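Protein chains: 2
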Amino acid sequence: MHFEELKKYHFILASKSPRRQFLLKDLGLDFEVVTRDVDESFPEHLKAEQIPLYLCEKKARAFDEELNDNTIVITADTIVWIDDHVLNKPENYEDAVRMLTLLSGRMHKVFTGVCLKSNEKMILFYVVTNVYFKKITPEEIDYYIRNFHPFDKAGAYGAQEWIGYIAVEKIEGSYFNVMGLPLKELYEELLKF
Amino acid sequence: MHFEELKKYHFILASKSPRRQFLLKDLGLDFEVVTRDVDESFPEHLKAEQIPLYLCEKKARAFDEELNDNTIVITADTIVWIDDHVLNKPENYEDAVRMLTLLSGRMHKVFTGVCLKSNEKMILFYVVTNVYFKKITPEEIDYYIRNFHPFDKAGAYGAQEWIGYIAVEKIEGSYFNVMGLPLKELYEELLKF
Chain B
0 MHFEELKKYH FILASKSPRR QFLLKDLGLD FEVVTRDVDE SFPEHLKAEQ IPLYLCEKKA
60 RAFDEELNDN TIVITADTIV WIDDHVLNKP ENYEDAVRML TLLSGRMHKV FTGVCLKSNE
120 KMILFYVVTN VYFKKITPEE IDYYIRNFHP FDKAGAYGAQ EWIGYIAVEK IEGSYFNVMG
180 LPLKELYEEL LKF
Chain V
0 MHFEELKKYH FILASKSPRR QFLLKDLGLD FEVVTRDVDE SFPEHLKAEQ IPLYLCEKKA
60 RAFDEELNDN TIVITADTIV WIDDHVLNKP ENYEDAVRML TLLSGRMHKV FTGVCLKSNE
120 KMILFYVVTN VYFKKITPEE IDYYIRNFHP FDKAGAYGAQ EWIGYIAVEK IEGSYFNVMG
180 LPLKELYEEL LKF
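Residue numbers (numbering that gives the first Met the number 0), protein chains in the order written: chain B, 0 to 192; chain V, 0 to 192.
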């Protein structure tokens with residue numbers, strides 16, 4: 000399928016993330032944003048990419064009853080993975096300090112799972128990026144939390160915020176994956192759909 | 000110096016690039032944008048990082064007469080480097096096709112040189128990022144050039160445009176460097192200024 004043929008589909012992006020909406024728009028697809036409240040818990044034995052894959056499939060299945068032939072729903076879930084554990088959203092100031100201190104001076108992995116689903120077909124895939132933080136100081140951590148309140152962010156940081164600008168030494172892989180939507184891989188999977 | 004102490008300086012960003020203005024703003028510094036027309040030619044024997052370092056110093060020196068003690072001027076220059084050559088802005092449609100065909104399926108390097116200059120001191124530094132393009136089709140190249148007219152872009156592509164979204168397989172290094180302003184390194188050099 001050529002890119003321009005994709006325009007025959009009706010796309011639903013099931014994500015409240017303004018960043019994902021912005022990225023998908025820039026890819027040049029028309030879509031509407033429809034979100035369903037989905038319980039974001041997952042079985043404890045899941046690890047690494049299994050978690051976002053499980054959650055994005057769950058988010059997509061919430062649309063099972065309402066898809067028709069020309070509709071594709073797109074869902075995504077992003078996690079921060081370090082020391083064999085997932086970092087969720089921080090509960091309070093101290094929890095955010097703990098997470099950023101853990102990330103300081105080290106590499107962590109960001110996994111995004113993506114689900115594309117019509118009433119006939121489903122594609123699940125994930126992308127992983129290695130992110131290297133420089134050592135950040137307690138003053139930088141405090142400044143960031145006080146000014147940016149990253150309590151809605153997995154791992155207590157946004158790559159497109161002050162801390163991402165000053166702390167990320169290098170990445171290996173897709174930057175858009177770190178932002179929450181791996182565009183190149185999404186584009187390739189859509190062409191194969 | 001702590002980040003908050005930087006606020007005592009008056010910063011001038013000497014760049015017309017909206018992307019650089021946007022990134023510096025997000026870093027949290029107050030600055031004004033002042034540009035001078037500078038001849039962007041450079042000696043032919045210069046290679047790789049020598050080119051943006053030469054050009055950003057030239058851009059900063061255009062402010063020599065008007066800096067005072069608390070003013071720091073920030074300039075930057077970004078180039079695309081492949082096969083031991085720099086890719087400039089494409090002259091026309093065919094030239095853009097030639098450049099994007101050259102980048103297709105291969106790694107190239109993006110160098111950004113940055114100059115920080117007061118009336119007492121100058122810091123010059125550069126950052127390099129490896130960018131890997133997947134193989135792109137003639138249809139994708141044609142679609143991109145027709146819709147995005149990348150004639151003001153070195154190497155005929157913008158990382159934050161459609162072609163960047165679909166073609167960039169991975170990067171090694173700083174993404175903000177590819178966008179034209181390596182924020183983490185800029186922040187570190189400013190703290191040392």
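For the record, the hints were derived by calculation from the structure and aren't laboratory data.
Any given hint could turn out to be false.
Any copy will do: because identical chains look the same in the list, a pair fits if it lies in one copy or spans two.
DSBU-like, lysine-lysine: derived pairs with alpha carbons at most 35 Å apart [as the list claims (entries may be wrong)]:
1) 169 to 191
2) 7 to 133
3) 57 to 7
4) 169 to 7
5) 191 to 134
6) 7 to 134
7) 134 to 6
8) 46 to 15
9) 57 to 6
10) 133 to 191
11) 120 to 133
12) 88 to 191
13) 169 to 15
14) 108 to 133
15) 88 to 169
16) 88 to 120
17) 133 to 6
18) 120 to 15
19) 134 to 120
None of these values were measured; they are calculated from a predicted model.
To see whether the hints hold, each was checked on the structure:
1. 169 to 191: both (31 Å within a copy, 20 Å between copies)
2. 7 to 133: Answer is between: at 25 Å across copies they meet the 35 Å cutoff, but 45 Å inside does not.
3. 57 to 7: within (26 Å within a copy, 51 Å between copies)
4. 169 to 7: Between copies only: 29 Å across, 39 Å inside.
5. 191 to 134: The answer is between: 16 Å across copies meets 35 Å, while 42 Å in one copy does not.
6. 7 to 134: Only across copies: residue 7 and residue 134 sit 25 Å apart there, 48 Å inside one copy, limit 35 Å.
7. 134 to 6: This pair counts as between: shortest inter-copy Cα distance 22 Å, intra-copy 45 Å.
8. 46 to 15: Within. Shortest intra-copy distance 24 Å satisfies the 35 Å Cα cut-off; inter-copy 46 Å does not.
9. 57 to 6: within (26 Å within a copy, 47 Å between copies)
10. 133 to 191: For residue 133 and residue 191, the Cα distance is within 35 Å only across copies (16 Å; inside one copy 39 Å).
11. 120 to 133: between (43 Å within a copy, 26 Å between copies)
12. 88 to 191: For residue 88 and residue 191, both the intra-copy (34 Å) and inter-copy (33 Å) Cα distances are at most 35 Å.
13. 169 to 15: both (28 Å within a copy, 26 Å between copies)
14. 108 to 133: This pair counts as both: shortest intra-copy Cα distance 15 Å, inter-copy 22 Å.
15. 88 to 169: Intra 23 Å, inter 27 Å, cutoff 35 Å: intra and inter.
16. 88 to 120: Classified as within; 32 Å inside a copy, 43 Å across copies.
17. 133 to 6: Classified as between: cross-chain Cα gap 23 Å, same-chain 42 Å, threshold 35 Å.
18. 120 to 15: within (24 Å within a copy, 47 Å between copies)
19. 134 to 120: between (45 Å within a copy, 27 Å between copies)
Checked against the numbered hints listed earlier, the structure breaks none of them; every hint is satisfied.
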